[in-house]
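Build the full structure now, drawing on both the sequences and the hints.
Line by line, the protein sequences are chains A and W.
For what it's worth, the UniProt record's numbering labels the leading residue of the first sequence as 1, then goes sequentially.
For what it's worth, the UniProt record's numbering labels the leading residue of the second sequence as 1, then goes sequentially.
Among the hints, erroneous ones may be present.
No copy labels: a pair is met if it fits in one copy or bridges any two.
What the hints assert, rightly or not - No farther apart than 20 angstroms at their CA atoms in a straight line, the calculated lysine to any residue pairs in the SDA-like style are these:
(1) 77 - 66
(2) 213 - 232
(3) 159 - 138
(4) 286 - 321
(5) 213 - 237
(6) 212 - 295
(7) 440 - 478
(8) 36 - 282
(9) 36 - 458
(10) 213 - 234
(11) 56 - 460
(12) 388 - 18
(13) 212 - 234
(14) 174 - 14
(15) 5 - 445
(16) 12 - 381
(17) 212 - 232
Derived from the structure by calculation, the hints contain no laboratory data.
Small disclaimer: the values here were computed from a predicted structure and weren't measured.
2 protein chains.
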Amino acid sequence: MLPFKTLIQTDKTLKLPVYQQIANRLIGLIQEGVLKPGLFLPGSRVLALQLELHRKTVIAAYDELISQDWLVAVPRKGVMVATNLPVIRPRTFRGNASSYTGKAAFPFHAVNTIAAGGPPSSSGMPLIINDGFPDARLAPLNAWVRECRSIIESPRYHKLLMYGNATGSEALRKEMQRYLTNTRGLNISPAHVMITRGAQMAIYLAAAMIIKKDDYVIVGSPNYFFADLCFEQLGARLIHVPVDEEGIDVDAIERACSNKKIKMLYLITHHHHPTTVTLSAARRMKLLEIIRRYKLPVIEDDYDYDFHYSSAPILPLASADHGGNVIYIGSFTKSLGLSIRIGFMIAPADFIAGAANLRQLMDLRGDNLAEQALANLLADGTIERHLKQSNKIYRERRDLTCHLLQTRLGNAVQFTIPSGGMAIWLRFSKKISLRRLSEKASGLGLRITSGEQYHYGTKPQNGIRFGFASLNARELGEVVRILESIIA
Amino acid sequence: MLPFKTLIQTDKTLKLPVYQQIANRLIGLIQEGVLKPGLFLPGSRVLALQLELHRKTVIAAYDELISQDWLVAVPRKGVMVATNLPVIRPRTFRGNASSYTGKAAFPFHAVNTIAAGGPPSSSGMPLIINDGFPDARLAPLNAWVRECRSIIESPRYHKLLMYGNATGSEALRKEMQRYLTNTRGLNISPAHVMITRGAQMAIYLAAAMIIKKDDYVIVGSPNYFFADLCFEQLGARLIHVPVDEEGIDVDAIERACSNKKIKMLYLITHHHHPTTVTLSAARRMKLLEIIRRYKLPVIEDDYDYDFHYSSAPILPLASADHGGNVIYIGSFTKSLGLSIRIGFMIAPADFIAGAANLRQLMDLRGDNLAEQALANLLADGTIERHLKQSNKIYRERRDLTCHLLQTRLGNAVQFTIPSGGMAIWLRFSKKISLRRLSEKASGLGLRITSGEQYHYGTKPQNGIRFGFASLNARELGEVVRILESIIA
Chain A
1 MLPFKTLIQT
11 DKTLKLPVYQ
21 QIANRLIGLI
31 QEGVLKPGLF
41 LPGSRVLALQ
51 LELHRKTVIA
61 AYDELISQDW
71 LVAVPRKGVM
81 VATNLPVIRP
91 RTFRGNASSY
101 TGKAAFPFHA
111 VNTIAAGGPP
121 SSSGMPLIIN
131 DGFPDARLAP
141 LNAWVRECRS
151 IIESPRYHKL
161 LMYGNATGSE
171 ALRKEMQRYL
181 TNTRGLNISP
191 AHVMITRGAQ
201 MAIYLAAAMI
211 IKKDDYVIVG
221 SPNYFFADLC
231 FEQLGARLIH
241 VPVDEEGIDV
251 DAIERACSNK
261 KIKMLYLITH
271 HHHPTTVTLS
281 AARRMKLLEI
291 IRRYKLPVIE
301 DDYDYDFHYS
311 SAPILPLASA
321 DHGGNVIYIG
331 SFTKSLGLSI
341 RIGFMIAPAD
351 FIAGAANLRQ
361 LMDLRGDNLA
371 EQALANLLAD
381 GTIERHLKQS
391 NKIYRERRDL
401 TCHLLQTRLG
411 NAVQFTIPSG
421 GMAIWLRFSK
431 KISLRRLSEK
441 ASGLGLRITS
451 GEQYHYGTKP
461 QNGIRFGFAS
471 LNARELGEVV
481 RILESIIA
Chain W
1 MLPFKTLIQT
11 DKTLKLPVYQ
21 QIANRLIGLI
31 QEGVLKPGLF
41 LPGSRVLALQ
51 LELHRKTVIA
61 AYDELISQDW
71 LVAVPRKGVM
81 VATNLPVIRP
91 RTFRGNASSY
101 TGKAAFPFHA
111 VNTIAAGGPP
121 SSSGMPLIIN
131 DGFPDARLAP
141 LNAWVRECRS
151 IIESPRYHKL
161 LMYGNATGSE
171 ALRKEMQRYL
181 TNTRGLNISP
191 AHVMITRGAQ
201 MAIYLAAAMI
211 IKKDDYVIVG
221 SPNYFFADLC
231 FEQLGARLIH
241 VPVDEEGIDV
251 DAIERACSNK
261 KIKMLYLITH
271 HHHPTTVTLS
281 AARRMKLLEI
291 IRRYKLPVIE
301 DDYDYDFHYS
311 SAPILPLASA
321 DHGGNVIYIG
331 SFTKSLGLSI
341 RIGFMIAPAD
351 FIAGAANLRQ
361 LMDLRGDNLA
371 EQALANLLAD
381 GTIERHLKQS
391 NKIYRERRDL
401 TCHLLQTRLG
411 NAVQFTIPSG
421 GMAIWLRFSK
431 KISLRRLSEK
441 ASGLGLRITS
451 GEQYHYGTKP
461 QNGIRFGFAS
471 LNARELGEVV
481 RILESIIA
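Below, the structure is given as structure tokens:
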């Protein structure tokens, strides 16, 4: 008889019942070829004695395996390993990789995936210059949890939570209509609204609805790299059009449209990523005319609209006469402190319906509870109060950062004060290698990207987005002090 | 002078400051061509008088528009509408649809999007026979909210929540390793785990990594329709292989592999959707051998593994020797009551890395707060306790449903008792038109699908998935009573 005592070890402290442990182990032994098809196992009394277990436990394991066709009960002979199972070799998961296509390998290490690790700074907290994140410490998360609780305590909440559709919570879409009308002058109904997983899903879905393989798509140069990568993944050929201090070059867009069949234009109207420039009113008007003339589908990514300090933001293209060609995209992710990712797409109703079908293939629908909680926070004014308060703080941090950069780093850097958003587009003098700066900073407890991702598809910029919003005054001071110590 | 009193109406009860209301309206008037480029606006004192507002409010509005380039301040002459803005027509959002590709139109009304509406049943609550949903009333949502609160109250929670990556929360991936090893015998590390938005995102990502246009993909006949639609969206050509009472026909898979270059196999090992059959142990072994021989990439969708009543579930293919070819997919969405959608993909580490890159293009990452809360609920045993309790209840509901169907609907229906899951695959006698049944039921306060989606890509089945898990004994009794009253 096989040494079952050695082969089968059980552990009563595990949550998995002992009989299942035995059953799983027996399956393993069959798979490994130790227990061959046709082999009779010891009677339950014998095995129980060997394993020092109650006989009932062994019987339960055998019954289990008989019910799963691994074992066969042969009348008057006992329990046999089933004969219609081919003998196989030991299992492996880490073995050969699947022969997968391996798409979507990135040419750079995306900064958004920076882990919160690394050596601590002198204050004991790791410092990170991110891409333009909000400060999660300011986010109305307490209010959010309070709303979640109140929702699950409400009668019939289960009906509310169980059902739903891919365009998002009805309550939230209604609140969005009110919110976007008040803040952006959009003339919409809930049928024009789709709630997504952050702005990124809206970009992907809108682009996937519009782009076919080899279509020409106009993007800024530079551009938000995850948008470029997304369009390329969908098979687009990108046409890079310069972005200067007034925003994307509208004349260049017109030339491209008159030369080629352009399938789509992607642009960021406020606080362009990475350069933070805002499209000027004059260009905005001219662009609207081009959009209408060429019936050019546009993705207007307005991810940062709610964070504007210098004056009220310019109204989006989507609020003007665009002939139904503009798909408007935004996000609440930054208002909710990044950990709850809710974005939106505004488009003609039939476009939304198509995008919802597509969305179901990758994500049946959003989290009802989170969407309902956000709807409540919009309805009771929490979000608007949060934006008012945090915009004040972010504005102060922007001003402090600009002051520090100007006075402490001087000629080593160059930047324009952004009218809003959470980052400064900081260009370094050519003498400074950002790669080496990044390495040295890391040794001093500061995580800073070397910035390759910002010139994806275009020429090197020697610049980074200096996200100031997530750092308080003390932290900003320390960050600039570290940079100064390296550069000086 | 233009009748500004009529053209500009303000409302002090709105949250938007009055000066911004004026500014927005002036922009609208410029866009509508009412205020032509070069036109001088009335002085601030005059306009303030007309509008019955404080002069400062009008000055603020003018300053706003000057800062946005809509207006130009001409020294000693006043404020003029900028001349470099082309005159445009009135805005429209509901206008012409964009010239989008319009992919992803479904050939049926997907049952998962059933809205919780319709006429109430006699008990005042609308009754819905869904596709196999859990009962949100049983979900550990209180514990979930409690964990969310405890996370945001913990020190440095903001670091935890702000940063992260597309493979998901590190804490959750570690818990997943433990959980999947204990429950499914998987031999993995956190590098093999990716957290997704439900199982659906895992299916989409895995398929997008593997499938190129015109690749052959084997699926069951019938099959989970959202999987079929997903693969078709990605350009696959589907080969439908029969599913019988032992699961998918493995001999047919082998024949297909020997005939054609097959790029991928998709299968559901436990409680197949829609038929609820579980792959037999014998076929499972043979399939493993085929997978290794042909190096056939496989998506093993095991969405329902945690809900098994008749005996312990068979171990997944992924726990056996599959030569690194099996991508294993599952979900916690049903444990969390559908409103919090967290699924997972288990695959070789380099496959996970590629899938994470792809995922970022459509969804930068998951909700950290939700993922961390789930990690805590796994660690403290809440999820396992919930599964134990709810499995007991679902088992009783399954048995009650089978009893009611057998005794009350008799020859009109046919079904096999499923060994687990949340639905019964209920085939109706040919005399019964499901479309008419659905219509009549609707009039009696019962929502039931006519079932076209279940035979997508294959022959009509005259069957539906009868989701029993979300209905309690009283509701199940009422549902069957309504069906009986229609059929009898």
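Verification of the supplied hints:
1. For the homomeric pair residue 77 and residue 66, the shortest alpha-carbon distance inside one copy (15 angstroms) is at most 20 angstroms, but the shortest distance between copies (96 angstroms) is not.
2. Taking the shortest alpha-carbon separations for residue 213 and residue 232, both the intra-copy value of 9 angstroms and the inter-copy value of 16 angstroms come in at or below 20 angstroms.
3. When the C-alpha separation of residue 159 and residue 138 is checked against a cutoff of 20 angstroms, the pair qualifies only between copies, where the shortest distance is 12 angstroms, while the shortest distance within a copy is 33 angstroms.
4. For the homomeric pair residue 286 and residue 321, the shortest alpha-carbon distance inside one copy (12 angstroms) is at most 20 angstroms, but the shortest distance between copies (62 angstroms) is not.
5. For a Cα distance limit of 20 angstroms, the shortest separation of residue 213 from residue 237 qualifies both inside one copy, at 8 angstroms, and across copies, at 18 angstroms.
6. With identical chains, the CA atoms of residue 212 and residue 295 are at most 20 angstroms apart within one copy only, with a shortest distance of 17 angstroms there and 31 angstroms across copies.
7. In this assembly of identical chains, the alpha carbons of residue 440 and residue 478 lie at most 20 angstroms apart only when taken from the same copy (15 angstroms versus 71 angstroms across copies).
8. With identical chains, the CA atoms of residue 36 and residue 282 are at most 20 angstroms apart between copies only, with a shortest distance of 14 angstroms across copies and 80 angstroms within one.
9. Within a single copy, residue 36 and residue 458 get their C-alpha atoms no closer than 62 angstroms, and across copies no closer than 39 angstroms, so neither meets the 20 angstroms cut-off.
10. Taking identical chains as interchangeable, the C-alpha atoms of residue 213 and residue 234 lie at most 20 angstroms apart whether they share a chain (7 angstroms) or sit on different chains (12 angstroms).
11. When the C-alpha separation of residue 56 and residue 460 is checked against a cutoff of 20 angstroms, the pair qualifies neither within a copy, at 72 angstroms, nor between copies, at 47 angstroms.
12. For the homomeric pair residue 388 and residue 18, the shortest alpha-carbon distance between copies (16 angstroms) is at most 20 angstroms, but the shortest distance inside one copy (58 angstroms) is not.
13. In this homomeric assembly, residue 212 and residue 234 come within 20 angstroms of each other (Cα to Cα) both inside a single copy, at 7 angstroms, and across copies, at 12 angstroms.
14. In this assembly of identical chains, the alpha carbons of residue 174 and residue 14 lie at most 20 angstroms apart only when taken from different copies (17 angstroms versus 49 angstroms within one copy).
15. In this assembly of identical chains, residue 5 and residue 445 lie within 20 angstroms of each other by CA distance neither inside one copy nor across copies; the values are 53 angstroms within and 60 angstroms between.
16. Proximity of residue 12 and residue 381 under a CA criterion of 20 angstroms is satisfied inter-copy only: 16 angstroms between copies versus 54 angstroms inside one chain copy.
17. Within a single copy, residue 212 and residue 232 get their C-alpha atoms as close as 11 angstroms, and across copies as close as 15 angstroms, so both meet the 20 angstroms cut-off.
Checked against the numbered hints listed earlier, the structure breaks hints 9, 11 and 15; every other hint is satisfied.
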